[in-house]
Every structure is written in structure tokens, then in C-alpha cells.
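A.B. asks: Sequence order for the protein chains is F and V.
Going letter by letter, the first sequence gives residues 1 to 320 in the working numbering.
Going letter by letter, the second sequence gives residues 321 to 570 in the working numbering.
If you are wondering where the hints come from, they were derived from the structure by calculation, not from laboratory data.
Wrong hints could be hidden among the right ones.
Stated by the list, open to error - Anything over 12 Å on all C-beta distances counts as not near chain F; from chain V, calculated:
no.	residue
1	VAL392
2	LEU410
3	THR412
4	VAL415
5	ALA498
6	ARG567
What the hints assert, rightly or not - Where chain F lies over chain V, by a calculated footprint (3+ residues, C-beta under 8 Å):
no.	segment
7	322-328
8	332-346
C-beta atoms are modelled at their ideal positions from N, C-alpha and C, and glycine is treated no differently.
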Amino acid sequence: MSDDVMIEVSNLTKRYPGHTAVADVSFAVGRGEIVGLLGPNGAGKSTILRILSCFMTATTGTVRVAGFDVFHESDEVRRRIGYMPENNPLHLDMRVKEYLKFRARLKGLSFGRSRDRVGVAMEQCGLTHVSRKIVGQLSKGYRQRVGLADALVHEPELIILDEPTVGLDPNQIRSVRQLIKDLGRHHTILLSTHLLPEVELTCSRIIILHEGRVLASDTRENLQHQINGNGQVVAEIAAPREELIACWREMEAVETFDVAPADGEYFRCTLRAANGEDLRSLVFSAARDRGWTLRELSRSHASLEDIFVQVIRQEKEEKV
Amino acid sequence: MQVYFTLVRRELGGYFSSLTGYIIIAAVLLLLGLSFVEVLTKLNAAPTDAPITEIFFVTFYFWIILLLTAPVMTMRTFALERFSGTYETLMTAPVGDLAVVMSKFTGALVFYILTWLPFLGYILLVQRFATGGFVFDPYILGSTFLGLLLIGALYMAIGCFASALTNSQIVAAILSYALGLALFVLSLRSFMSEPGSSVAGKFFEYIAMTEHMENFARGVIDTRPLVLYPSLTVLFLFLTLKVVQSRRWR
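Bound conformation, chain V alone (with noise of 0.2 Å):
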């Protein structure tokens, strides 16, 4: 446990005390006040009912944030210390695997969590502002963080795993960029078959990522996604492991 809390605070320390970490946020900042300036202006054009979290979350805002920035977050986590060498010296100290893959995953997954709490703010202000009827839900917000947290996890332990194969950065944030579109492709393909209609059509339903956002936004907290996330999360570290133990049986 002291492996594992020492290595995960210094996965935190290396995004802080370089300049990655600050511009991965001022980069995710960026985004996000783009988005949230069109999704004003929208809710000026036309007031509605729904919940600020359900206008941000059903564009596709979100998604081209996800996409972009989290290959970037999970880059480092192997590939660098391979790189630098740094590998080295880690493995050589009494450390095990797991300790090492579960501490990377955590930093990582810690800091894209912290790039997504400047949210909190926006609906803060849009509270401020909004006139009538306009009601802040704890409930609601909880559940698009816990959303936000398990897809979140899920793309974090994809780039743990492209990172943990490769020694280049670069080819590591474009493996978990490949990886993670491609995730996302499959997921639009339930706009394209019916739903329900066909056996592909339901799997495709299942996988949808855009509508399990859409419903954690929402406040539908559904099963499904909530078993989905983890498990798929768990088959990526899963297999980080194995190639972090590889080096054993090389």
C-alpha cells in the first residue's frame, strides 16, 4: 500500500511540476469554455426545461473533449519512464506489477478528474444567472460525474495500455487515440440500425456510449452502463499487467 500511494503521488507530482499538466488543462479549459459559450447561446435562443448537464452532455461538446485530451493524459504513464530510463530503476525497487499499473491508472484518472471540476463553475454561474425555474440538483450533477468518471476510467486504462507498450509518447497517444475512436465509432453505429430491430442492433444499443452519457446527464443512473464501464475498464488493466509482466517471460 505505501508502494502504491507513493507511486500514485508521484504520477500526480510529474503532470504538476512539468508543464504537461498545466497545459492539458488550459487546453481541456479551452474546450470547455468553447463549448459552454455555444451551449449559452443556445439556452438564449431558446429557453428549456432540461437540466444544464443534459444540454452540455447531448451535444457531441464532451465527446470531442474526451477524445482529444485523454490519449494526451495517459501518454506518459509508461512510455515515458521507458524512455527516460526511469523504468529501470522502478522495477528494480521492490515494487509489484500491480502496484505499479494500479498507481498509474490512479494518477491518471485523478488528474482528469481534476481537469473536469472547472464544470462545477460553469453550472455555479449559469445558476447565478438564469432566470426562472431554473433549479440546481445536486442529484443530477452527481450522476454526470459518476458518468464522466466511469467512461473517464475506461479511456484512462486504454491509454495505460497503449502507453505500457511502446517507449514514444507519440506512439502511444496515437494507439489510445485509435483505440478510443474507434470505441466511440461503434458507439455512433446505434444511430444507424433500429433499435431492438436486429441482434447487431441491440448489441450496438448496449454499447452506446453517447446514450449512456445522455442518461447519467439525464440523472438515469442505468445498470448496464454501470457494469460495462468497470468491467471493460478492468480488461484494459488487466492486460496493462500483462504486458508490464511480459519483460518477465521475454
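Chain F on its own, in the form it takes in the complex (with noise of 0.2 Å):
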């Protein structure tokens, strides 16, 4: 196994009595990577990670982590991780400071080192001004820097991330997501999410998962891709309805087109390319030759949303 790869998971399945939550789960993490997993909730997304992270065991399958098995090896593992639960749970006792040095203590730091990695990971989380405070009266977004100050307080290899941004307000889920991205400029990071714009923002690369499954698996960019490459253009044209359909049915790189009247004169087209041309000249070109007025001219790129929607879709349609 070469020295690049931080997480790898093969075939892994876990059972519940009743119910699998984990079926046949196969994927990697390199080294560097920030990677989502995404899922609508029960996908068995906070599973994988339990296991990732020894809490659990896996039913079959093996699972290295830095090239230490979870099972057999889970101590070396625990040692190279930075774990955060869903909800993350803290000592609501505690003070901040006190939380952080007990946890890195916890993780083998000794005493000096202890004290300089929670003053860096106070600074790196921006908790240096509450670090007196008890865990328990700060805000939830204050809470959640806490839980990720402990996951990076040991300079663990890979942080890994249940839900991050679960139950914040918006200024704050903008602020953590900020935190991850700029941890992940020194850590593997792994988080699991079923907020869709949390990967689209944070991460590089994104596994899907269904209902314990790996339905896709790739970067941002090539997801997107392979669900639209082609990609749909809209224009908003001020022209005769007959004259722009006639237009779009004579070019014979849009594969299907839509004409919708918008305000005014303006119609509004949707078009479809047959091959992935991007058709936004084509269709500027056409409005300046028929002196037509054109007033918005876009190319919509597919959400997460659209992607998690289709490949749901292409799921359900194979089975069918």
C-alpha cells in the first residue's frame, strides 16, 4: 500500500439486527484530500465513520487507516485520528481550556507540549478569548470550534468530521466551514454531511451514499460532469415565438429546446446540447445575425442537488 493513501475501505459491512447499514462499501482517501460524504440521513454515513474512528466494528470487510487495520491495530489508528462525533459531545463542565489540555493529555501529549498544541489549536479555532468560559454557556458555534479544536489538538494525520455544521446559524456554519477549509490546507479531512452545499463549498472530492451504498464517487467537477456535462443553456430573447423556434430547430447541435414566454416580447429558451457543446456562442451568434435582442444568456452548471437527485434516479431505474 503505497504512502499516499490515508483511508482505505474495502467491501466493508456492518449489520444491525434487522437492518444492514452498511452494504459492501469499498473507497479511499488520499493523503491531502478533503472528502464528503454525502447522504440523506440513515445513508449509514455516521457508521463509517464510527468505524473509521474504532468506535465500532464492522460487520465483514477490512478498513486501514494510515496503513493500520481499525480492528487489529486500533490503538495506532486512534492515535493518528482527530474524531468528531455527530452532536458533538463535550464536557459541558469543563472550562475551554481545561476541556482542551484533559483531552490532549487524553491523547498522549506530555505536559509542555500539552499546553503549546491547546494554545495553537485555541488560536487556529479563534477560542483564545473564551478559553476561561465553561463549556457548557457557550454558543453552539462555539461549541463546534471546541470539538474541532480537540480533533487537531494532537496534529492527528486525518480529522474526521460527523456533521459539522449540524445545528448552526448561517453566520456560523460560514465560519466553521472557513476553519475546515483552512485546516484542510494541513490535514486529510473526512466529513459526512446531507447539507449539499457544505462538500460543494469544502470539498475536493465527494462519495455519495445510498442507503448504505457508494452510489458515486469523484471530484466536484467530474460529478457534475457526468450528470450534465453538456450542460442546459438559457437565453432570453425578445423575438417573434415562431421565428426562435424555427431558430433552434434548424441548429443541429441543440437536442431539445423549450420556448417560454417571459415579460414583455422576451421569450424565455431553454436548450439542451445533443454532445456537450457549450452552446451559449451558437445561440449569440444566431440572435446577432437576426438583429434579435438578447438580454440574458447563461449556462446553468448542475447543483449537487441535481447531481444527488439523478444519481438517485439512474439508481432507482437500473433496479427497475
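Got two chains here, separate frames each, mind docking them using the hints?
C.D. replies: This is how it looks when you write it as C-alpha cells:
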């Protein structure tokens, strides 16, 4: 196994009495990547993360973190990971600095080193000014930062975050995401979420899970490309409806189109290319040649939402 | 070792950073004080030569206090962490299962000893005001505390075991009440059967905790309880460890 593979999951299955939470999942995460596990609630994200962090054991399959088996060498693995569980449980009765020091010592840092690292981690997570506060009296956003600081206090090779922004307000979400991005420069990060914008904004690679199985695993760009590499083009043009329709019919590159009346004399045309071509320049020259007024021309990127819906739909169709 | 001491400190901190610890200490002090008043009233009525520890521990006050408070002291050990989810952060840190069990047990035991320290104050009070011949005997006091420690350790281990089984503190407390009371009731059986008359009688004599505590309070250190309590304690700690490890084979 090469040095630049951080996580290697092969044929992982976890069964609970009565149902299978994770079914034959395989994926790999390279060193330095920020990877997002994306899936609806109950897709098996937390279960996978709990197995990765040695809290649970798999029914079958092997998981290796930094080359160590999570079952047989769980001590080695646990030394190398920083894990923030779902809902970020903390000792609410402790003070921030006290808690982080306790965690650092628990993770085997020497006295002097734990003091240094707690300082650095608090700085990194913007906790320095609340270091004397009791964790239970902090806002949810700050608690989340305490959880993150705990996850990185021992300079782990891999940081695992289970739903890191759940329950935060938009401002807090933004700051936590920025924090994750910053961390990604020095650490490998695996995070789970059911929020699409989250992976879109923070992750370089996405693994989509559904009902315990991996549906897709690729970079964000490739996934978008895969789903609608063509992308559809929306144009708002002031022209007679019949002429528009005739024009799009003539154009070979256009596979399907839709013309809907917008306000005034404008029509909103939605065009889809046959072979993944970018239609924008064609549309523009068509409008120019015919002397139409073009007031909007845009190519829509598939959001992850589309990817997600699409992938699950494909899956269902295959089943049928 | 670092992990063990860090966790013990955290366990003790847990008692004192919230109200729980103080409430337990207050409750023990109240019960201890009430029993002490009873003992003093008795002493006033009929002077005696017996050491004060014996008078105290021959009565049932000690048992009431132990049986009432031990489950409350230990119910939080595992159940609270499981309930709040910090069990997950704890077990995903590089800590050994044995270190976790031992630190929780040690924390509870140290706390238990702390709650009994005020008893020393009562001894000093009696010493100060008793007239005629009352001698403060450090050896008897030592053996009394040895008994307190041994029986306390067993009850703490039972409590840890009960707490490890569930994530509800209430269930943990009820379970350890049941286990603790059962042990106590069994030791009462020795009063009913003729001592040494039958195998059963002998057996119940061996496990009669009330007898053992009386001996300790008199200053008699018998090797039988010295073996019995630590081995039972180890048994329950072993069971606790197995429960903690069970998450790996579920």
C-alpha cells in the first residue's frame, strides 16, 4: 500500500439486528484530500465514520487508516485521527482550556507539549478569548469550535468530522466551513453531511451514499460533468415565437428546447445540447445575425442537488 | 499511566465541578450526623468501654449510609458519558479499555473515601468530651477504615458494572441498589442459621458482611474478608471491562 493513501475501505459491511446499515462499501482517500461523505439521513455515513474511528467494528470487510487496521491496530489508528462525533458531545462542566488540555493529555501529549498545542489549537479555532469560559455556557457555534480544536489538538494525520455544521446558524456555518477549509491545507479531512452546499464549498472529492451503498465517488467537477456535461443554456430573447422555434429546430447542436413567454416581447428559451457542446456562442451569433435583442444568456451548472437527485434516480431506474 | 491519571482527575473533577458531588457529600453528612446523635444518646444512657467505632458500626447506620449512597456515587460513571455522547470521544481517543474502567473505579473509590473523612471529626469530638478512660486508638481506627475501604471498593465496583450496562443513570442506580441490597440481605442470613451447623450456615457466615465490618471496627483484621472483598471487587471490575469491550464484538 502506498504512502499517499490515508484511508482504505474495502468491502465494508455493517449489519445491525434487522437491517444492514452499510453494505459492501469500498473507497479510498488520499493524503491531503478533503473528502465529503454525502447522503440523506440514514445512509450509513455515521456508521462508516464510527468504524473508521474505531468506536464500532465492522461486520465484514477491512478498513485501514494510514496503513493500520482499525480492528487489530486500533491504538495506532486512534493516535492518528482526530474525530468529532455527530452532535459534538463535550464535557459541559469543564472550562474550554481545561477541556482541551484534558483531551490533549488523554491523547498522550506530554505536559509541555499539550500546553503549546492547546494554545495553537485555540488560536486556530478562534477560542482564545473564551478559554476561561465553561463549555456548557458557550453558544453552539463556539462549542463546535471546541470540538474542532479537540479534533486537531494532537496534530492528527486524519480529521474525521461527523456533520460538523448541523444545528448552526448561517453565520456560524460560514465560519466553521472556513475553518475546515483552512485545516484542509495541512490535514486530510473526511467529513459527512446531508447538506449539499457543504461539500460543494469545502470538499475536493465527494462520495455519495444511499441506503448504505456508494452511489458515486468522484471530484465535484467530474460529477457535475458526468451528470450534465452538456449543461443547459438559458437565453432570453426578444423575437417572434415562431422564428425562435424555427431557429432552434434548424440548429443541429440543439437536442431539445423549450420556449416560454417571459415579460413583454421576450421569450425564455431553454436549450439542451446533444453532445455536450457549449451552446452559448451559437445562440449569441444566431441572435446577432437575425438582429434579435438578447438580454440574458447563461449556462447552468448542475448543483450537487441535481447530481444527487440524478444519481439516485439512475439507481432506481437500473433497479427497475 | 498518563491516560489513567488524566482520567482519574477528570472523574474526581466531574463530582466537584457539578453539584452532584456536593449533594452526595451533604447527604452522607446528614445521615452520618443523625446516626452520630443516636450513638451519643446511647452512650449517654449507658457508659461503655467499647471503642466508638465499634458502637457505630455494630449498629445499622453504616449499612444504611453505604447502601443508600454507593449507587448514587457510581451511577454516573459510564451511564452519564454514554447518555451525553462523550463516551464516543473518550473511546476514540487512544485509551485502553482497562485504563478507562480502572480510572472510573478509582475516581469513585477516592470520592467514597472523601465522603467518609468527616467521620474522623466525630471521633475527635468524642475524644474531646468523653470522661474517664476513653482512649483514641489509631489502630482500631485504621482497621475500621480498612474495612470501609474494602467494602466500599466492592460496592463501587458493583456500581461501575451496573453503570456500564446502561446509558440511563436511573437504571444504573436501581440496578446497583438491587445488587448491593441482595449482597447485604444474603449476609443477614447468617443470623438465621446456627453458625457452623450446616454447609449453608457456614457459607452464610463467610459472606456475612455485617460480621466482617463489626470485626474491622473492633480492630480485628481477619484474612478471610481480606481475600473475599478484593476478589469480589476484581470480579465485578472484570465484568465491567468485558461490558466495555463488548462494543468490539457487537
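A.B. asks: Give a verdict on every hint.
C.D. replies: Evaluated hints:
Every C-beta of chain F lies more than 12 Å from that of VAL392 (chain V), the closest at about 17 Å, which supports listing it as non-interface. Its closest Cβ contact with chain F, about 8 Å, brings LEU410 (chain V) to no more than 12 Å, contrary to its assignment away from the interface. A cut-off of 12 Å between C-beta atoms contradicts the statement that THR412 (chain V) is not in contact with chain F; the least separation is 4 Å. Listed as outside the interface, VAL415 (chain V) is inconsistent with that label: its C-beta sits roughly 6 Å from the nearest C-beta of chain F, within the 12 Å cut-off.
Separation of ALA498 (chain V) from chain F is adequate, the least Cβ-Cβ distance of about 27 Å exceeding the 12 Å criterion. Chain F draws ARG567 (chain V) into its interface by the beta-carbon criterion, the shortest separation being 7 Å against a cut-off of 12 Å. Check on the segment 322-328 of chain V: 4 of its residues sit with their Cβ under 8 Å from a Cβ of chain F, so the three-residue criterion for coverage holds. Coverage of a stretch by a chain is defined here by at least three residues with a beta carbon nearer than 8 Å to that chain's beta carbons; for the segment 332-346 of chain V and chain F the count is 4, and the condition holds.
In the structure shown, a violation is registered for the earlier hints numbered 2, 3, 4 and 6, in ascending order.
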